[in-house]
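*Asks:* Numbering-wise, the working numbering puts 889 at position 272 of the sequence shown, and it's gapless, one number per residue.
Rather than coming from a laboratory, the hints here were simulated on the basis of the structure. Bear in mind the structure is a predicted one, so any value in this text is a computation, not a measurement. There's no promise every hint is true.
[Said to hold, decoys possible] Between beta-carbon pairs, the in silico distance windows are:
1) 950 / 757: 31 to 37 Å
2) 782 / 910: 31 to 37 Å
3) 916 / 957: 16 to 22 Å
4) 916 / 841: 42 to 48 Å
5) 942 / 743: 46 to 52 Å
[To be verified] In silico SDA-like cross-links for lysine to any residue, where the CA-CA straight-line distance does not exceed 25 Å:
6) 812 / 783
7) 916 / 833
8) 838 / 822
9) 812 / 843
10) 934 / 907
11) 798 / 847
12) 825 / 783
13) 934 / 833
Yeah, the Cβ is synthetic: ideal placement off N, Cα and C, and Gly gets one too.
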Amino acid sequence: MPRSLLFALGLLAFASCQSEKPREQTNTAPPTQLAALEDKAAQQNAPPAASLENSPEADQAKAGKAATQQPQRATAIAKTRELKVDKPAKKEASKANSSLVKTAETSKEKPEPSKLYLHSPETSSPPPPSHQSWDGLLQKHVSSAGTVNYKGLLADKAKLQAYLDELAANPAGKSWSRNEKLAYWINAYNAFTVKLILDHYPVSSITKIHGGKPWDVKWIKLGDNTYSLNNIENDIIRPQFNEPRIHFAVNCAARSCPPLLNRAWTADNLNRYLDQQARSFINNPKYNEIGPETVEISKIFEWYAADFGNIIDYLNKYSETQVQEDAKVSYKEYDWGLNE
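Put together the whole structure using the sequences plus the hints.
*Replies:* This is the structure in structure tokens:
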């Protein structure tokens with residue numbers, strides 16, 4: 618190959634190498650310049666704003682945003698409705714709570730009465746004593762005819778005192794039934810009369826005690842009160858119960874007195890024993906002699922005439938012999954000898 622041709626080819630190759638150098642320098646520009654160039658190119662190539670809003674990608678973005686905001690908006694609406702609808706209810710609830718607080722504070726200041734207070738004498742009372750111990754003493758030391766073994770009772774004086782203490786600790790209560798009260802007072806009268814005799818035994822007559830007026834002395838302690846035998850009979854039993862048959866139940870420890878029943882009185886047996894005692898006493902010739910035209914009866918019917926009313930009518934309620942309305946009435950002498 619001629620030298621001239623080789624020379625020409627070498628020049629061309631040199632020129633080609635010189636033209637490639639600027640391109641390498643451009644590609645190796647600093648990073649900051651490259652970022653700026655890329656941002657400018659992106660702005661030039663970006664589509665108009667209007668086209669972005671209407672594009673499918675924009676619609677999807679809006680839908681996603683709406684879906685995200687929808688629960689928040691629903692929560693806000695619910696809270697608004699709750700405030701509007703429940704405001705009166707909350708106000709009433711607040712008032713109710715305030716009322717409960719005041720009630721609780723008041724209950725602390727003024728506590729409710731206890732069960733113990735509700736059973737005070739003004740409203741209620743303990744139940745009456747059973748009278749069982751007294752019943753045992755009567756069956757042991759009093760005959761069916763009413764005579765009393767005072768010597769035997771002296772040996773059981775401690776048991777009698779225990780019963781009297783029970784009566785004293787349990788006075789007749791307002792809440793007791795009528796029969797419970799009446800049984801209590803009859804038993805009290807009879808048991809304290811026996812106690813009076815034992816305290817002065819041996820004695821021939823109750824009239825030998827306290828100057829002949831043992832019924833007027835106040836010595837019977839029941840609850841907070843102190844009574845005499847007359848207080849029990851004439852201030853409590855007679856006026857409160859208006860029951861003439863009690864005169865055949867209370868016993869004055871005298872031979873002419875209606876016999877002492879050898880059983881304790883209770884609410885359950887009260888009416889049965891009152892009828893039994895009235896019938897037995899009226900028809901017993903030792904105490905009363907009754908005929909159709911004449912009657913000679915106990916002084917009790919004279920002393921307590923106001924309680925019996927028309928005496929002929931009253932006798933005929935229980936007498937085995939019917940008495941005429943115009944029958945002659947007289948009274949027996951009273952034997953105050955001890956009923957032993």
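*Asks:* It remains to establish, for every hint, whether it holds in the given structure.
*Replies:* Right, here's what the structure says about each hint:
| no. | hint | verdict |
| --- | --- | --- |
| 1 | 950 / 757: 31 to 37 Å | holds, 32 Å |
| 2 | 782 / 910: 31 to 37 Å | violated, 52 Å |
| 3 | 916 / 957: 16 to 22 Å | holds, 21 Å |
| 4 | 916 / 841: 42 to 48 Å | violated, 35 Å |
| 5 | 942 / 743: 46 to 52 Å | holds, 49 Å |
| 6 | 812 / 783 | holds, 14 Å |
| 7 | 916 / 833 | holds, 20 Å |
| 8 | 838 / 822 | holds, 24 Å |
| 9 | 812 / 843 | holds, 16 Å |
| 10 | 934 / 907 | holds, 13 Å |
| 11 | 798 / 847 | holds, 17 Å |
| 12 | 825 / 783 | violated, 28 Å |
| 13 | 934 / 833 | violated, 33 Å |
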